[in-house]
Amino acid sequence: MHVPKIGITALVPPEIIFACAGSPFDVNNVIPASRKYPKNKLCAWTAIWKDMLVQKEIKIDSLIVVAGGDCHNALVDGQKVAMSGIPAHFFFYPFDGYADYLGTQLARLTDFLGGVKFPEKFKEIKKIKKLGRMIDLKRSLGEISAGEAFSILISFSDLSGDLEVFQKNIDNIKESDIEINKRVALIGVPPIYHDFHETAQSLGLNIVFDELPYEFIRHEGNNIKELARDYSNYTFARPLDFRIGFLRKELEKRDVDGVIHYTQFACHHMLEDEILRDELDCPVLTIQGDLPGNTPQQIKLRLEAFREMLERL
Amino acid sequence: MIGLDVGSTTAKVVSIENGEIKYDITGTHDWKNLLNGIEGEDIISTGYFRNSVPHRASVTEITAAIYGVRHFFPDADVIVDIGGQDTKVIDVRKNNFVINDKCSAGTGAFLEFVANYFKIELKDLGMLHLKAKRIPDSNNTCGVFAISEMISQLVAGYSKEEVIAGMHKAFARRISFMVPEGETIVLIGGAAKNEGLVSALTDVLNKKIKIPGEPQIINALGALKYYS
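In order, the protein sequence lines correspond to chains A and B.
Okay, so the first sequence: first residue is 0 according to numbering that gives the first Met the number 0, each after it adds one.
Okay, so the second sequence: first residue is 0 according to numbering that gives the first Met the number 0, each after it adds one.
Keep in mind that the hints were calculated from the coordinates and are not lab data.
Beta carbons are placed, not taken as given, at the ideal position from N, Cα and C, and that holds for glycine.
None of the hints are false.
Listed next, with one range per pair, are the computed distances between beta-carbon atoms:
#, chain 1, residue 1, chain 2, residue 2, range
1, A, Y36, B, K31, 36 to 42 angstroms
2, A, R253, B, S7, 35 to 41 angstroms
3, A, K252, B, S227, 36 to 42 angstroms
4, B, E182, A, K173, 48 to 54 angstroms
5, B, K132, A, A265, 37 to 43 angstroms
6, A, F264, B, P73, 36 to 42 angstroms
7, A, D170, B, F144, 54 to 60 angstroms
Please construct the entire structure, taking both the sequences and the accompanying hints into account.
Take a look at the structure:
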């Protein structure tokens, strides 16, 4: 039986896609290692997946574009993909957290995907997400490296498109005994550099919190109504004061020494930087990336200087 | 023990002998000439090439700048370090820094563009600026396109000196976006020797700017003081 491969451009409840007999595929996850340099771009993330989809370098059956409440560039690049002939559905999170609105969005998404066929997937995924939160905890205790944890946590957006495969990936995680020097939270969109966590660790900064991947593991539900209630608190889609309140709690819980705010060139989230810097009660390093690849020297200099600064405090 | 700062365009060495600061400066690629037989065990390095030269310990330019500036100005609030390829602004009170290394406007490279266009020495820009009778406004913030703006200003009748002063003003405005509030602003790096740029920056920031006697050696000194 053909399992339709459903592209997603940002967080879309994977529970819905699996329950509708689809296999989610986060189009962002191939980008850091892609070495693609798109033409006519603003943000490289959206420009690269747009190019790869239009040129059929990524083959999918349909695309769900998160066009409201997260990435504004995706709204246009998603339409370009749709115009190339790939069926696309545009998904909108509520800015005000209104769960009924999200319930309507999820119902429309379910219709687009042909309706729920495997409702048991909701519970299966809920169990897997619990394991994700365990991985997150172990990472903050130094029992799993930041790089190892990030590579699996970021994959919770699509659960590798196959729950059995994903469960095996979780089972194969290497445990470590890491001495944590400086505890750092990474906020903002994920870095476009594939070796960022390892690089930070080699420079004495241990990432103990990844803001966006944490969103991938913390929302869950046994049915569409519960999913709507939970995902309506997706922080990236909500007003900044909501997100900042949430971040403050997480940073305190994890006892972080500092925050790295990763921003992506030409991404509207860059505009949030000055507010986040003012509102978070710890030292903040802002970095900006553009094209995929290794972490560049200029970023390494900033990371090293940030570690030195944290040591001086 | 010496502090060795091997940056993008120049290399600097500093030692402290009987309380007196001794230093030497050369081109980046001639950094070995500064060592005079000193081995890596006695070198604290900083700058772009800090990890490529022999060293006992290395420190980033940001930390080195703080330690170096403190030697002369313990009350420094903000440090502006204009390097060949980037500009770093350090908020000493808040332990914060920003680096501009994506755009040549606001770095030493921009001043090199200007000097190269007029076929003059980089060090002569400041002296020429001071002869300007009026200063044209520049709209372009891009270092490369600034050349076409300079040509337009020359066509419009501005003198070479006035065009240079206009470029310094544009440069200062660009840097001012990075500078936080502070009472004591210290300017370091080779560009601090350009009195035209210092004048423009003083006007744009509306602050008195302090400059150490030899602003180019501050990071080498800071590396040494960091380890001492």
